[in-house]
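Which chain is which? The protein sequence lines are A and B, in order. Residues 0 to 149 (numbering that gives the first Met the number 0) make up the first sequence, in order. Residues 0 to 149 (numbering that gives the first Met the number 0) make up the second sequence, in order.
Check each hint, because a few of them may be wrong.
Which copy is meant is left open, because identical chains are indistinguishable; a pair holds if it fits in one copy or across any two.
Listed next, the in silico BS3-like pairs over lysine-lysine satisfying Cα-Cα at most 25 Å (straight line) [what the hints assert, rightly or not]:
| no. | residue 1 | residue 2 |
| --- | --- | --- |
| 1 | K134 | K145 |
| 2 | K56 | K71 |
| 3 | K104 | K124 |
| 4 | K145 | K68 |
| 5 | K134 | K104 |
| 6 | K96 | K134 |
| 7 | K124 | K134 |
| 8 | K56 | K22 |
| 9 | K145 | K26 |
| 10 | K94 | K145 |
| 11 | K94 | K134 |
| 12 | K124 | K68 |
| 13 | K145 | K96 |
| 14 | K124 | K96 |
Simulated from the structure, these hints should not be mistaken for laboratory data.
2 protein chains.
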Amino acid sequence: MKLDSIGRYISSIYRHQSILINKYFEKYGFGSGQYIFLINISKNEGINQKQLSENVKIDRANTNRAIKKLEKLGYIYTVEDKEDRRSRKSFLTEKGKEIIPLVIKDLANITEIMAQGMDDNQREKLLELLQLIEKNIMLEVDNIRKDKCK
Amino acid sequence: MKLDSIGRYISSIYRHQSILINKYFEKYGFGSGQYIFLINISKNEGINQKQLSENVKIDRANTNRAIKKLEKLGYIYTVEDKEDRRSRKSFLTEKGKEIIPLVIKDLANITEIMAQGMDDNQREKLLELLQLIEKNIMLEVDNIRKDKCK
DNA sequence: GTATAATAGTTGCGATAGCAATTAACTAGG
DNA sequence: CCTAGTTAATTGCTATCGCAACTATTATAC
Numbered sequence: 000m001k002l003d004s005i006g007r008y009i010s011s012i013y014r015h016q017s018i019l020i021n022k023y024f025e026k027y028g029f030g031s032g033q034y035i036f037l038i039n040i041s042k043n044e045g046i047n048q049k050q051l052s053e054n055v056k057i058d059r060a061n062t063n064r065a066i067k068k069l070e071k072l073g074y075i076y077t078v079e080d081k082e083d084r085r086s087r088k089s090f091l092t093e094k095g096k097e098i099i100p101l102v103i104k105d106l107a108n109i110t111e112i113m114a115q116g117m118d119d120n121q122r123e124k125l126l127e128l129l130q131l132i133e134k135n136i137m138l139e140v141d142n143i144r145k146d147k148c149k
Numbered sequence: 000m001k002l003d004s005i006g007r008y009i010s011s012i013y014r015h016q017s018i019l020i021n022k023y024f025e026k027y028g029f030g031s032g033q034y035i036f037l038i039n040i041s042k043n044e045g046i047n048q049k050q051l052s053e054n055v056k057i058d059r060a061n062t063n064r065a066i067k068k069l070e071k072l073g074y075i076y077t078v079e080d081k082e083d084r085r086s087r088k089s090f091l092t093e094k095g096k097e098i099i100p101l102v103i104k105d106l107a108n109i110t111e112i113m114a115q116g117m118d119d120n121q122r123e124k125l126l127e128l129l130q131l132i133e134k135n136i137m138l139e140v141d142n143i144r145k146d147k148c149k
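Using the sequences and the hints, build the whole thing.
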């Protein structure tokens with residue numbers, strides 16, 4: 000068993016997944032860089048960019064760009080937070096609400112493609128292991144970032 | 000269990016992995032976009048770009064750019080294939096051979112960080128499942144590409 | 001209350017990546 | 001041969017992403 004295999008598979012799957020997502024969501028005008036934010040806003044109407052960024056674990060700069068694009072496409076709108084004028088809250092538009100079920104269906108479809116040939120037990124185990132890896136690697140990245148600030 | 004979880008974990012892990020890899024290999028002057036090619040050349044001296052591209056499953060354009068960068072940094076050199084002058088073979092330089100064991104050690108370290116808290120059985124299961132996902136998603140991407148050429 | 005810190009958002013920059021088109025070299029059919 | 005099709009490498013373009021620097025607003029300390 001090769002020691003570097005986990006990372007290589009993750010990379011390969013990620014890139015192919017992005018290609019697939021881009022094809023699926025081409026019809027909506029967005030791609031792999033935006034869909035996750037749209038989904039997250041639909042589950043947390045009124046969320047601000049900082050929270051979004053933490054939820055999806057993507058850099059604030061890219062969160063900002065994704066929001067801008069979704070807004071321009073008409074799927075979301077944003078309003079200034081009255082309590083804290085630095086913050087902007089994001090909401091789904093009617094157009095956004097309409098496509099959410101379709102987007103969720105497409106994502107389920109993609110997941111089904113990826114998990115083809117796995118039984119429920121394997122899928123559950125896989126999710127547990129991926130969750131653990133994410134926790135481990137995020138902790139390490141945080142430590143590196145802290146080290147730099149020393 | 001959320002249906003879109005596998006993809007979300009894959010994305011998050013990939014991005015954090017890239018950050019980690021960039022930190023680890025900063026000292027050599029390359030990052031997440033090149034290391035995989037260096038490793039692959041070390042295991043297949045004389046390989047050409049087409050083969051490399053297929054091995055690491057990265058687009059030929061990026062394979063070309065990675066090779067150029069590794070060559071510029073002095074870790075590899077390339078020579079025209081006498082049998083087929085379109086093709087260029089890649090080899091490690093002495094400088095390249097020197098760092099390979101260190102790069103492999105770093106990669107093992109990163110894998111160890113990611114797999115922390117897993118026993119051997121879990122690691123093996125994980126690799127099997129990742130391998131299956133990669134197979135599934137590559138097949139799907141290939142089908143999409145074929146469809147387009149019809 | 002004012003000066004300093006911290007925080008949310010934003011912008012510029014460089015790295016990684018896929019796709020499409022081009023060039024140069026090889027292969028096969030006539 | 002020589003023309004047409006194929007293939008390896010290359011280049012231009014665009015999208016995604018993290019980091020650093022900056023602005024505007026809020027919170028804290030004195």
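Copy assignment of K124 with K96, given that the CA separation must stay at most 25 Å: neither (33 Å within a copy, 39 Å between copies)
Up to 25 Å CA-CA - K71 versus K56, copy category: Answer is within; shortest intra-copy Cα gap is 23 Å, inter-copy 34 Å.
25 Å Cα threshold - placement of K145 relative to K94: neither (42 Å within a copy, 32 Å between copies)
25 Å Cα threshold - placement of K124 relative to K104: within (23 Å within a copy, 28 Å between copies)
Identical-chain pair category, K145 with K68, by Cα at 25 Å: Cα proximity of K145 and K68: none, with 32 Å in one copy and 30 Å across.
K134 and K104: within-copy, between-copy, both or neither at 25 Å Cα: between (27 Å within a copy, 22 Å between copies)
Homo-oligomer pair classification [K134, K124; C-alpha up to 25 Å]: both (15 Å within a copy, 19 Å between copies)
Within, between, both or neither: K124, K68 at alpha-carbon 25 Å: Result: close neither inside a copy nor across copies, 36 Å intra and 39 Å inter.
Within, between, both or neither, where K56 and K22 count as close if Cα-Cα is 25 Å or less: both (23 Å within a copy, 19 Å between copies)
Alpha-carbon proximity context of K94 and K134, limit 25 Å: Neither way: K94 and K134 sit 35 Å apart in one copy and 36 Å across, limit 25 Å.
Status of K145 relative to K134 across identical chains (alpha carbons, at most 25 Å): within (16 Å within a copy, 38 Å between copies)
Copy assignment of K145 with K96, given that the CA separation must stay at most 25 Å: neither (40 Å within a copy, 33 Å between copies)
Of the numbered hints stated above, those contradicted by the structure are hints 4, 6, 10, 11, 12, 13 and 14, listed in ascending order.
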